[in-house]
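Colleague: Listed below, chain by chain, are the residues.
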Amino acid sequence: MRKKISISKYISYLFLIVVSAIWTIPVIFGIGTSFRSQTEVVNEGFRLLPVNWIVENYVKVLENTSTAPILQWLWNSVFIATTHTLLVVIVISITGYGYSRMKFKGRDLLFFTLLAISFFPNVVNLIPSYKIIDILGWVNTPWAMIVPGLAGMGNIFLVRQFMKGIPMELDESARVDGANDFTIYSRIILPLIRPVLIVCALFSFTGSWNDFLWPVIVYTDVEKMPVTAGLLLLQDIYGNYRMIGQLMSSAILAIIPTLILFFFAQKYFVSAINLNSGIKG
Amino acid sequence: MQNKRNFAPIFFVGPHIILFIVFILIPSIYGIYASFTKWNLVADPVWVGLDNYKTILADSDSTFNSQFLNGLKNTLLFVVLSVPLMIIIPLMIAVSLEHKEVKLKNLFQTLLYVPGLISISAAALIWSLIFNKQLGIVNNLFGSEAVWTTTQPYAWITIIVVTVWAGIGGNMIIYRAGINGVSRDLYESAEIDGAGSIRKFFSITLPSIKFPLIYTLVMTTAGAFNVFAQPLMMTSGGPRQGTTVLMMYIRDLAFSHGESIAGMASAMAVLLGLVILVISAFQYYAMSRNA
Numbered sequence: 000m001r002k003k004i005s006i007s008k009y010i011s012y013l014f015l016i017v018v019s020a021i022w023t024i025p026v027i028f029g030i031g032t033s034f035r036s037q038t039e040v041v042n043e044g045f046r047l048l049p050v051n052w053i054v055e056n057y058v059k060v061l062e063n064t065s066t067a068p069i070l071q072w073l074w075n076s077v078f079i080a081t082t083h084t085l086l087v088v089i090v091i092s093i094t095g096y097g098y099s100r101m102k103f104k105g106r107d108l109l110f111f112t113l114l115a116i117s118f119f120p121n122v123v124n125l126i127p128s129y130k131i132i133d134i135l136g137w138v139n140t141p142w143a144m145i146v147p148g149l150a151g152m153g154n155i156f157l158v159r160q161f162m163k164g165i166p167m168e169l170d171e172s173a174r175v176d177g178a179n180d181f182t183i184y185s186r187i188i189l190p191l192i193r194p195v196l197i198v199c200a201l202f203s204f205t206g207s208w209n210d211f212l213w214p215v216i217v218y219t220d221v222e223k224m225p226v227t228a229g230l231l232l233l234q235d236i237y238g239n240y241r242m243i244g245q246l247m248s249s250a251i252l253a254i255i256p257t258l259i260l261f262f263f264a265q266k267y268f269v270s271a272i273n274l275n276s277g278i279k280g
Numbered sequence: 000m001q002n003k004r005n006f007a008p009i010f011f012v013g014p015h016i017i018l019f020i021v022f023i024l025i026p027s028i029y030g031i032y033a034s035f036t037k038w039n040l041v042a043d044p045v046w047v048g049l050d051n052y053k054t055i056l057a058d059s060d061s062t063f064n065s066q067f068l069n070g071l072k073n074t075l076l077f078v079v080l081s082v083p084l085m086i087i088i089p090l091m092i093a094v095s096l097e098h099k100e101v102k103l104k105n106l107f108q109t110l111l112y113v114p115g116l117i118s119i120s121a122a123a124l125i126w127s128l129i130f131n132k133q134l135g136i137v138n139n140l141f142g143s144e145a146v147w148t149t150t151q152p153y154a155w156i157t158i159i160v161v162t163v164w165a166g167i168g169g170n171m172i173i174y175r176a177g178i179n180g181v182s183r184d185l186y187e188s189a190e191i192d193g194a195g196s197i198r199k200f201f202s203i204t205l206p207s208i209k210f211p212l213i214y215t216l217v218m219t220t221a222g223a224f225n226v227f228a229q230p231l232m233m234t235s236g237g238p239r240q241g242t243t244v245l246m247m248y249i250r251d252l253a254f255s256h257g258e259s260i261a262g263m264a265s266a267m268a269v270l271l272g273l274v275i276l277v278i279s280a281f282q283y284y285a286m287s288r289n290a
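Chain order of the listed sequences is A and B. Mapping of the first sequence onto numbering that gives the first Met the number 0: position 156 corresponds to residue 155, and the numbering continues sequentially without gaps. Mapping of the second sequence onto numbering that gives the first Met the number 0: position 29 corresponds to residue 28, and the numbering continues sequentially without gaps.
Source of the hints: derived by calculation from the structure; they are not laboratory data. There could be a bad hint or two in this list.
Stated by the list, open to error - Taking lysine to any residue pairs in the SDA-like style, the calculated list, with each CA pair at most 25 Å apart, reads: (1) B/K37 / A/N121; (2) A/K266 / B/T109; (3) B/K72 / B/G236; (4) A/K223 / B/V41; (5) B/K132 / A/L231; (6) B/K209 / B/V79; (7) A/K130 / B/V21; (8) B/K132 / A/S36; (9) B/K104 / A/I10; (10) B/K72 / B/P83; (11) B/K199 / B/R288; (12) B/K209 / A/Q160; (13) B/K199 / B/I86; (14) B/K99 / B/I87; (15) A/K163 / A/F181; (16) A/K102 / A/K163; (17) A/K266 / B/F210; (18) B/K37 / B/I25; (19) A/K266 / B/M91; (20) B/K37 / A/W213; (21) A/K130 / B/G257.
What the hints assert, rightly or not - Sample of chain B residues at the chain A side, in silico, Cβ under 10 Å: (22) I23; (23) I88; (24) M232; (25) V274.
In this text, all values refer to a predicted model and were calculated from it rather than measured experimentally. Note that CB positions come from ideal geometry on N, CA and C, so glycine has one too.
So that you can see chain A by itself, here it is in the shape it has in the complex:
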């Protein structure tokens, strides 16, 4: 009996160590290569870490402000993802309040109708969405990425679900004291739903930051695009393995912001999903 448990323990460890290594080495390799010179990469071939650490790749990448303005791209991404996230938090908390704590005719029917429609595969609305963004004059502007995502139902579903766990007595006693819906929303409910809002904010931020297909479609102006779309251009600019270090240092620069966010908010990323599966299970 005791022996059996030990074997499964060692198998678990072995599996976790092997998988973690496979998952970690590419990142180390990418970082290492970003600090190697082109001559070293070509002459010495594969190495996980550089023989001579150089920062020249980063300097060159940051100095290239014409064909691949990576700082501009990073700033675009930061502006887009931050603005999008703030608006998401406002929209989902207000809308979630409406669907969970206000009483009006057809409320749940309306909510579930919108939810059902939102499950419709969004590949179908891709091309007309571009046309709408074009009509609004938002092609090559940050709004093309900031606004459309606010229409989604997933986060509103989570917030509504979370709000349903808050006793209605709180609202009722506040109402007796003369509070209106906006006061109840901002003074009572908003502070209580902080955990779920943080979770939705983190996923909105990383989702917006990492979005690829949509920015590739709506940005043609090199100055205006976010960094994920910019990296696609780099394959041509630093590509064909002529400037490997620059290619890698650009990739590393692009992933630093989300990694910083993760290390500051790690517990929320993980609790996030607890909340998710709690609903489903």
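Since the structure of chain A is provided, determine the placement of chain B on it from the hints.
Modeller: Quick look at chain B alone, frame taken from chain A:
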């Protein structure tokens, strides 16, 4: 008072409804409408009835027909190759992490979760180098002679590797939470009855996380049908369009530099959407009935 009660909800749910109509409802309906038209994204669409669908599905002389069939074949191949790995690997990791004697759970989880936060284009740049013939890890370490991204089946392998590497974090945490929620008593009484680890996994763990499994299967599959970035960046759809997926054709037809063929692209998008809907519904039905 009566009035106030009637109008307040409009301020709370109204703004989102406008967003929903403009950015989800109208484009979805218009996307279906456009699939029955000849449209170049600029002029008004011209109604052509079922012509686009006839061309795509039945006209074997048309390039749209061969593009659609090739794109659908490659997309399905991607789904079939990637989805099982995106379920089984995170499930095995979650089971290992939830093993009661395993330590350093958070360290392992962080190492495995972080690649999922890397944008797919950055991940593809790093992995392209790893698979590079002269300079990469794979050929140097394992002495393989393959030119990975331009010969089959290696081109598919590179795409699947990047996908799995970047795509397991979410499912891993969902499964961990699910397994964590299973009562310890169940395992203990099974141990008293002499059940081994494998038996416990199939008799207790799997049935207990039925809902997370259905959810992740449906969502992972639907996501996989929308694959675009990995083949675009790893193989450019090659060799000989052998990894060109449907999303790449749809984007090229609607948004490439020549005149847009958005009507045809919309018809392909509707067909892809139908495939996703049918398969999601089938998966949900099959799993909730059998599990």
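Colleague: Compare the structure with each hint and give your call.
Modeller: Consistency of the hints with the structure:
no. : hint            : in the structure
1   : B/K37 / A/N121  : holds, 21 Å
2   : A/K266 / B/T109 : holds, 11 Å
3   : B/K72 / B/G236  : holds, 13 Å
4   : A/K223 / B/V41  : holds, 23 Å
5   : B/K132 / A/L231 : holds, 21 Å
6   : B/K209 / B/V79  : holds, 21 Å
7   : A/K130 / B/V21  : holds, 11 Å
8   : B/K132 / A/S36  : holds, 19 Å
9   : B/K104 / A/I10  : holds, 15 Å
10  : B/K72 / B/P83   : holds, 17 Å
11  : B/K199 / B/R288 : holds, 22 Å
12  : B/K209 / A/Q160 : holds, 21 Å
13  : B/K199 / B/I86  : holds, 19 Å
14  : B/K99 / B/I87   : holds, 20 Å
15  : A/K163 / A/F181 : holds, 18 Å
16  : A/K102 / A/K163 : holds, 13 Å
17  : A/K266 / B/F210 : holds, 24 Å
18  : B/K37 / B/I25   : holds, 19 Å
19  : A/K266 / B/M91  : holds, 22 Å
20  : B/K37 / A/W213  : holds, 23 Å
21  : A/K130 / B/G257 : holds, 17 Å
22  : I23             : holds, 5 Å
23  : I88             : holds, 7 Å
24  : M232            : holds, 7 Å
25  : V274            : holds, 9 Å
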